[in-house]
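Undergrad: Sequence:
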Amino acid sequence: MIRLEAISKQHGGRILFLDASMAAFRGEKIGLVGPNGAGKSTIFRMIVRDEEPDSGNVLVEKRVAIGYFSQSVGEMRGRSVLEETIAGAGEVATVAHELHELELALADPANAADPAMLDKLVTRFGDVQHRFDELDGYGLESRAREILAGLGFEAGVIEHDVGALSGGWKMRTALARILLMQPDALLLDEPTNHLDIESILWLEGFLRSFEGALIMTSHDREFMNRLVTKIVEIDGGELTTYTGDYDFYERQCAVNAAQAEAQYARQQAMLAKEEAFIARFKARASHAAQVQSRVKKLDKIEKVEPPRRRHVVKFDFPQPPRSGDDVCKLAQVGKGYGAKRVYEEFDFVIRRRERWCVMGVNGAGKSTLLRLIAGETAPDAGTVALGGSVKLGYFAQHAMDLLDPARTVIETLEIAHPLASFGSLRTLAGAFDFSGDDVEKGVRILSGGERARLVLATMLFDPPNFLVLDEPTNHLDLATKDMLTKALADFEGTMIFVSHDRSVLRGLSNRVLEIGGPVGPRQYEGGYTEYVESTGYEAPGVRS
67 MIRLEAISKQ HGGRILFLDA SMAAFRGEKI GLVGPNGAGK STIFRMIVRD
117 EEPDSGNVLV EKRVAIGYFS QSVGEMRGRS VLEETIAGAG EVATVAHELH
167 ELELALADPA NAADPAMLDK LVTRFGDVQH RFDELDGYGL ESRAREILAG
217 LGFEAGVIEH DVGALSGGWK MRTALARILL MQPDALLLDE PTNHLDIESI
267 LWLEGFLRSF EGALIMTSHD REFMNRLVTK IVEIDGGELT TYTGDYDFYE
317 RQCAVNAAQA EAQYARQQAM LAKEEAFIAR FKARASHAAQ VQSRVKKLDK
367 IEKVEPPRRR HVVKFDFPQP PRSGDDVCKL AQVGKGYGAK RVYEEFDFVI
417 RRRERWCVMG VNGAGKSTLL RLIAGETAPD AGTVALGGSV KLGYFAQHAM
467 DLLDPARTVI ETLEIAHPLA SFGSLRTLAG AFDFSGDDVE KGVRILSGGE
517 RARLVLATML FDPPNFLVLD EPTNHLDLAT KDMLTKALAD FEGTMIFVSH
567 DRSVLRGLSN RVLEIGGPVG PRQYEGGYTE YVESTGYEAP GVRS
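Just so you know, we're using the numbering used here here: the sequence shown kicks off at 67 and counts up by one.
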């Protein structure tokens with residue numbers, strides 16, 4: 067369906083692709099991977115003709131409809147969420163609009179009085195109605211409602227002006243619009259960025275049954291593993307295809323790296339041996355022929371390039387001071403917003419070394435609970451008390467907005483930790499992927515992911531013994547997310563967190579608090595893995 071043949075592309079002085087090729091066929095689900103700035107979004111833009119390659123060809127089969135979801139949704143206002151979703155549904159939306167215009171024209175008395183015009187309108191109405199029926203247009207609104215519900219929209223919200231929504235909910239609307247199109251090929255750039263876990267599970271099911279070609283990027287390892295059957299890696303201007311899921315790709319990369327290291331080492335050993343012989347005997351006339359032969363041999367050998375070593379970020383926590391055994395206690399807590407009661411007479415105790423993940427549908431009160439614990443909001447009734455020797459660290463999405471845009475990365479770290487040495491702060495910055503001159507970047511130009519990394523670096527250098535984390539891995543790439551998860555897994559303090567990333571949930575939790583259910587908050591011994599096994603949470607249609 068889609069082919070990129072020997073494409074080359076350069077942005078400014080940077081070469082993104084050089085004679086690179088890939089293909090996507092009907093039914094394939096492809097994960098596009100590579101470091102930030104490698105050119106993943108450029109591939110999407112070339113496929114939809116928003117950009118052209120400098121050389122080579124981008125070929126899309128005739129009559130193949132492409133749905134492209136990007137992180138830029140454009141202006142949305144003046145229509146309801148439902149109308150906005152339907153308006154972007156491709157041909158069926160265009161046909162629906164024409165059908166509506168023809169209905170108005172047929173109802174116009176002036177047209178009814180003109181037999182020729184009326185005959186023309188009736189004929190056109192029949193043709194358009196037939197095409198509308200072919201496209202299942204009469205089921206369009208019900209499909210739109212189903213998709214919007216799957217992406218977390220409450221029934222009342224979809225009738226309201228889309229312009230009143232936050233940026234994250236507008237992104238969901240844009241995604242719904244693309245899914246409603248029922249295109250032949252889907253290009254999805256980070257589709258899970260603004261979704262909660264309920265919506266991600268729904269989207270997985272939707273995409274698993276999608277029969278066209280799917281090319282996507284995602285920083286969600288488990289989402290990729292559950293969907294993709296092929297990985298296309300962008301590295302050094304090349305596109306390399308691996309058949310399998312993301313975990314297979316990582317294992318194969320490790321095998322390839324080991325083989326490249328071994329091949330390079332063998333050749334280096336051989337070259338050293340030959341050069342040692344030449345150096346030893348080059349002054350001896352009796353060995354002149356042998357020396358000359360070996361010099362010619364070395365000249366003809368095609369040198370193996372040193373293997374490129376992947377940059378792996380690593381951060382080890384300084385271990386925090388010990389807290390008391392009871393870290394936080396909520397007693398008879400009540401909290402509501404207007405008429406909506408989120409918590410009522412809620413009792414909950416967090417003990418040392420426990421790692422609670424908080425589960426619940428959107429709007430159940432997960433972030434509210436974290437704000438109550440962190441002291442960011444007060445309960446309407448009851449008490450929230452921290453235990454003895456507790457040092458709390460709170461990460462929330464709004465923390466990124468509190469960074470001083472006039473500061474650089476390194477200045478931000480220096481202000482947060484004035485007693486730390488410059489070298490240790492540079493090491494810290496490097497662990498969170500601010501290497502070299504990146505430490506001099508101004509906060510005002512940092513991406514969302516870079517801001518999240520900076521906030522986490524600031525908070526974790528002198529770590530609290532009680533971490534309260536609201537979506538800590540949002541916007542992080544896979545490498546940084548893996549680094550943070552491994553570092554937190556070795557953390558000896560206490561933790562309560564919300565995350566929609568199942569790799570993070572599995573890797574960090576040893577307790578589960580489920581809120582928002584019909585029987586009120588429920589606590590589960592064991593972590594997220596045990597929770598899924600006991601409740602069937604990830605099974606299609608099952609939400610305990």
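I should point out that these hints are in silico values taken from the structure, not numbers from a laboratory. Just so we're clear, the structure is a prediction, and the values are computed from it rather than from any experiment. One or more of the hints may lead you astray.
[To be verified] Capping the alpha-carbon separation at 27 Å, the derived lysine-lysine pairs in DSS-like fashion look like this: (1) Lys106 - Lys406; (2) Lys395 - Lys362; (3) Lys395 - Lys363; (4) Lys406 - Lys395; (5) Lys339 - Lys362; (6) Lys369 - Lys348; (7) Lys363 - Lys348.
Undergrad: So, for every hint listed, does it hold in this structure?
TA: Going through the hints against the structure:
no.: 1; hint: Lys106 - Lys406; in the structure: violated (43 Å)
no.: 2; hint: Lys395 - Lys362; in the structure: violated (78 Å)
no.: 3; hint: Lys395 - Lys363; in the structure: violated (76 Å)
no.: 4; hint: Lys406 - Lys395; in the structure: holds (23 Å)
no.: 5; hint: Lys339 - Lys362; in the structure: holds (15 Å)
no.: 6; hint: Lys369 - Lys348; in the structure: holds (23 Å)
no.: 7; hint: Lys363 - Lys348; in the structure: holds (15 Å)
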